[in-house]
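Just so you know, the protein sequences line up as chains A and B, in that order.
Read in order, the letters of the first sequence correspond to residues 1 to 302 in our numbering.
Read in order, the letters of the second sequence correspond to residues 303 to 592 in our numbering.
These are computed hints drawn from the structure, not numbers from a lab.
Certain hints may be false.
Claimed, not checked - Beta-carbon label-pair distances, calculated as ranges: (1) A/G59 to B/S579: 22 to 32 Å; (2) B/A572 to A/K148: 32 to 42 Å; (3) A/L146 to B/L452: 48 to 58 Å; (4) A/F214 to B/K421: 56 to 66 Å.
To be verified - Below, computed lysine to any residue pairings styled on SDA-like, alpha-carbon distance capped at 20 Å: (5) B/K358 to A/I147; (6) A/K108 to B/F419; (7) A/K295 to B/K358; (8) B/K531 to B/I403; (9) B/K531 to A/Q15; (10) A/K17 to B/S384; (11) A/K78 to A/A94; (12) B/K531 to A/N16; (13) B/K358 to A/K299; (14) A/K14 to B/D453; (15) A/K17 to B/K358; (16) B/K531 to B/V428; (17) B/K421 to A/K108; (18) A/K14 to B/Y436; (19) A/K14 to B/K488; (20) B/K416 to A/S136; (21) B/K421 to A/I147; (22) B/K531 to B/Y436; (23) A/K163 to A/D193; (24) A/K10 to B/Y448; (25) B/K416 to B/K358; (26) A/K299 to B/E477; (27) A/K299 to A/K163; (28) A/K295 to A/T47; (29) A/K108 to B/R496; (30) A/K17 to B/F419; (31) B/K488 to A/N16; (32) A/K17 to B/V428; (33) A/K295 to A/P222; (34) B/K488 to A/I147; (35) B/K416 to B/A487; (36) B/K531 to B/D453.
Quick caveat: nothing in here was measured; it's all calculated off a predicted structure.
Ideal Cβ placement from N, Cα and C applies to all residues, glycine included.
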Amino acid sequence: MIARKFRLMKSEMKQNKHALVLMAPYFLIFLVFTVIPVLMSVVLSFTYFNMLQFPRWIGWSNYAHLFVQDDVFLIALKNTFLFAFITGPISYIACFLFAWLINELPPKLRAVLTLVLYAPSIAGNTYLIWQTLFSSDSYGYMNAFLIKWGFILEPIQWLQDPKYMLPILMVVQLWLSLGTSFLAFIAGLQNVDRTLYEAGAIDGIRNRWQELWFITLPAMRPQLMFGAVIQITSAFAVAEISIYMIGFPSVDYAAHTIVTHLIDYGTIRFQMGYASAIATILFAIMMGTNLITQKFLRKVGE
Amino acid sequence: MNVKSLLKKRLNRSWTVDILLFVLLTGVAAFMSLPLIYTINRAFMPLNEIFAFPPKFIVSNPTFKNFKDLVGIFSDSWVPFSRYVFNTFFIAISGTFGHVIIASAAAYVLAKVKFSFNKPLFALVVMSLMFTPYVTQVPNYMTISYLGMLDTYWAILLPAFGSTLGLYLMKQFMEQIPDALIEAAKIDGATEYRIYWQIVMPIVKPAWMTLIIFSLQSLWTNGSVTSHKYIYSEQLRTVDAVFGQIASGGIARTGPVAAVTLLMMSVPIAVFIFTQSRVIQTMSTSGLKE
Chain A
1 MIARKFRLMK SEMKQNKHAL VLMAPYFLIF LVFTVIPVLM SVVLSFTYFN
51 MLQFPRWIGW SNYAHLFVQD DVFLIALKNT FLFAFITGPI SYIACFLFAW
101 LINELPPKLR AVLTLVLYAP SIAGNTYLIW QTLFSSDSYG YMNAFLIKWG
151 FILEPIQWLQ DPKYMLPILM VVQLWLSLGT SFLAFIAGLQ NVDRTLYEAG
201 AIDGIRNRWQ ELWFITLPAM RPQLMFGAVI QITSAFAVAE ISIYMIGFPS
251 VDYAAHTIVT HLIDYGTIRF QMGYASAIAT ILFAIMMGTN LITQKFLRKV
301 GE
Chain B
303 MNVKSLLKKR LNRSWTVDIL LFVLLTGVAA FMSLPLIYTI NRAFMPLNEI
353 FAFPPKFIVS NPTFKNFKDL VGIFSDSWVP FSRYVFNTFF IAISGTFGHV
403 IIASAAAYVL AKVKFSFNKP LFALVVMSLM FTPYVTQVPN YMTISYLGML
453 DTYWAILLPA FGSTLGLYLM KQFMEQIPDA LIEAAKIDGA TEYRIYWQIV
503 MPIVKPAWMT LIIFSLQSLW TNGSVTSHKY IYSEQLRTVD AVFGQIASGG
553 IARTGPVAAV TLLMMSVPIA VFIFTQSRVI QTMSTSGLKE
């Protein structure tokens, strides 16, 4: 049975020699720089590895330790979920909505608006201007503004007070989030066959919302799936903006996320095995979310 | 009613909603353009305005002093500044070019050639996007050192060629191309290479234009992160890495840093404007029908 399947594959490969040649360079590099490191990391998650000595096999104990003894990890888990389930869907919908709205504008205006909306993602670490905005002394724009208009008497410690940290991070993340998926959606909208709309108009589509649901969204399903994966990975992997804006570690771990926890163990404490276990759990969470999301997306336009 | 007159009446659109949407878009656009305005203004601010209280957003006495100071800093370094610029452009351009070609070729096979192992391979690609790169750094360093690529351009270029985002994006777009078109080309005797290069690639032009933006942007700005790990020679460093060194000069360097930020930002923006206008052009010419 297996031998037959193997023979079938072999003849299939022989027939499509050219296709294999086209595919080989990418998958060789992908294997070496992505697949093997990921597999290695998963294996390392079952070991104690301090990057100096040879890894020592310890079975499930990294995972057990994470859930039973590591209180900070549970805080990180909670923060990450809050973050992902609030910013993820909002930014996904915003990406599509803005791409769609812009698409209706005349070309020149569309180009300008695309640039402006994409600006926060294009310019590297521009989110640092939010630090000036929410700076804790009266130099910060936010405090200066609120004091001037008499809302508060003394400056608020925006980035040090656990009450405000997570919401501020969410706002910044949303502001940054018109990125990869936004551009992919814009390009996707260009790919939708124009004649479908004419046909739709004749078939009795009455307004732009019906047009969106019955024509545009189904035609863009591949891009929507792509966007979902990108949004999931960026919503769950948030770390950089937390580290740069709030500091690392944050006060009371109020802005601690799974990835900052991983960075803590991987690059500061040199416990690579433990860090790998964290990465594997994060991976499992993302995969689960992705499966559910893709299931929903398949129903779009029905 | 014929189609032409329908189109003239602007398909299914009402002006009230149009105006509401326009107001909404303008508001959001104003909010999103803050970093651009801030960076441009800050680059031309004299020092006393950068440290003013209350903080200034718009420059009142614009000056070129920050840029002049920057030139002063670079004239002191022992590697000529042009070398850093060359490195940055070389890495960004060849990395992007290689990635677009290699990833699209593989994406074409995944999307349009029937293999029984295409599905699992693609699933593997999507799954790998969800694994955080922080823990794969160590194995990657070992691989690169084993291959003898430490301290060469290859250490940055080769992983960039195989990044997952591009393959995924291209595959999703190529999937929309009707199979019939490719069948027809095959019957006409076109080889796989020709179908990929002369039929599929022109159709998905918006996709690879977008991919160029992503790839160039990541190679342009994240260059310093990767180059710190794998590159040790000063003459192989990129502008971005040098920017980090200037920034670590502290408060005294605030002015030049603002100037550098603007310079670094202008290249991705220029590329963006150029490619976006191409994306929009293709739309008017492509008329693909099933």
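Given pair status - A/I147, B/K488, alpha carbons within 20 Å
The given pair, whose Cα atoms are some 72 Å apart, is violated under the 20 Å limit.
20 Å Cα cutoff - pair A/K78, A/A94:
violated, 24 Å
Are A/K299 and A/K163 close enough, with their CA atoms no more than 20 Å apart?
violated, 38 Å
CA of A/K295 to CA of A/T47, is that 20 Å or under?
Violated, at about 35 Å.
Hint consistency between B/K531 and A/N16 [alpha-carbon to alpha-carbon, up to 20 Å]:
violated, 40 Å
Given the hint of 32 to 42 Å, is the C-beta distance from B/A572 to A/K148 inside that range or not?
This hint holds: roughly 39 Å between Cβ atoms.
Given a hint of 22 to 32 Å, does the C-beta separation of A/G59 and B/S579 actually sit inside it?
violated, 57 Å
Given pair status - B/K358, B/K416, alpha carbons within 20 Å
Violated, at roughly 60 Å.
Does the alpha-carbon distance linking B/K421 and A/K108 stay inside the 20 Å limit?
The given pair, whose Cα atoms are some 40 Å apart, is violated under the 20 Å limit.
Holds or violated: are the alpha carbons of A/K17 and B/S384 at most 20 Å from each other?
violated, 45 Å
Lying within 48 to 58 Å: is that true of the beta-carbon distance A/L146 to B/L452?
holds, 52 Å
Given the hint that A/K108 pairs with B/R496, does the C-alpha gap stay at or below 20 Å?
The given pair, whose Cα atoms are some 34 Å apart, is violated under the 20 Å limit.
Against the hints set out earlier in the document, violations occur for numbers 1, 4, 6, 7, 8, 9, 10, 11, 12, 13, 14, 15, 16, 17, 18, 20, 21, 23, 24, 25, 27, 28, 29, 32 and 34.
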